[in-house]
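Student: Residue numbering for the sequence shown follows my numbering, starting at 1215 and increasing by one per position.
Hints are supplied without guarantee of correctness; some may be wrong.
[Claimed, not checked] Here are the simulated distance ranges between beta carbons:
{"#": "1", "residue 1": "A1290", "residue 2": "P1389", "range": "14 to 24 Å"}
{"#": "2", "residue 1": "L1287", "residue 2": "V1242", "range": "15 to 25 Å"}
{"#": "3", "residue 1": "V1228", "residue 2": "M1307", "range": "17 to 27 Å"}
{"#": "4", "residue 1": "V1302", "residue 2": "R1347", "range": "33 to 43 Å"}
{"#": "5", "residue 1": "E1273", "residue 2": "M1316", "range": "17 to 27 Å"}
Don't read these hints as lab results, they were simulated from the structure. As the structure is a prediction and not an experimental result, all values here were calculated from the model. By construction, the Cβ of each residue, glycine as well, lies at the ideal position given by its N, Cα and C atoms.
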Amino acid sequence: MSNVASQIEPSACVNWYAVATRSRHERVVAHQLNSDGVATFVPSVMELHYWSDRCKKVEMPLFPGYVFLHAQLSPALMRSVAFARGTVRFVAMQGEPVPIPMEQIESIRKLVTLRANCEPYPYLRVGQRVRVRGGALDGIEGIFTRVDGQSGLVVSVDSISRSLLVRVEGYHVEPV
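Go ahead and model the full structure; you've got the sequences and the hints to work with.
Tutor: What follows is the structure, encoded as structure tokens:
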């Protein structure tokens, strides 16, 4: 699944959106939308899975059931999404797809690119918003938390109510 992404020209009307997918259909949806010319992003990580006879590294989506799109809303896009096998719906509010702030997607891209030790984490609404200063994670913003006595940063995608936890022990964090 790697990080399925296509490059397109940035535009004032082009935003990131999330599309909910059927279970384990993230790759299928991303491939179909890419073939229709829609830029997609499916962040993933490698996990070690154990079976009775073996263990294997498996690439798993960080946000199961979601594909991110970078596009301008249009009837053609809505049609492509509606007819892509495995899509359920746009993540929407009052019937309108909800744009995802570019900073949230860029933070996730940076974490995945750096292969930071991150994992899905329950979405949080409360907590102090912080920014990492210095090191490989410089500039990443999120909610500061402590898990099992270690400092962590929760990076969230508000429109799909999903978050990632990355350990920031040893990094300098400052309030935003």
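Student: Each hint: holds or not?
Tutor: Status of each hint after checking the structure:
With their beta carbons about 43 Å apart, A1290 and P1389 fall outside the hinted range of 14 to 24 Å. For L1287 and V1242, the hinted distance range of 15 to 25 Å is satisfied, since their beta carbons lie about 22 Å from each other. Between V1228 and M1307 the CB atoms are about 19 Å apart, so this pair conforms to the stated range of 17 to 27 Å. The hinted range of 33 to 43 Å is satisfied by V1302 and R1347, whose Cβ atoms lie roughly 39 Å apart.
Between E1273 and M1316 the CB atoms are about 25 Å apart, so this pair conforms to the stated range of 17 to 27 Å.
Hint compliance for this structure: hint 1 alone is broken.
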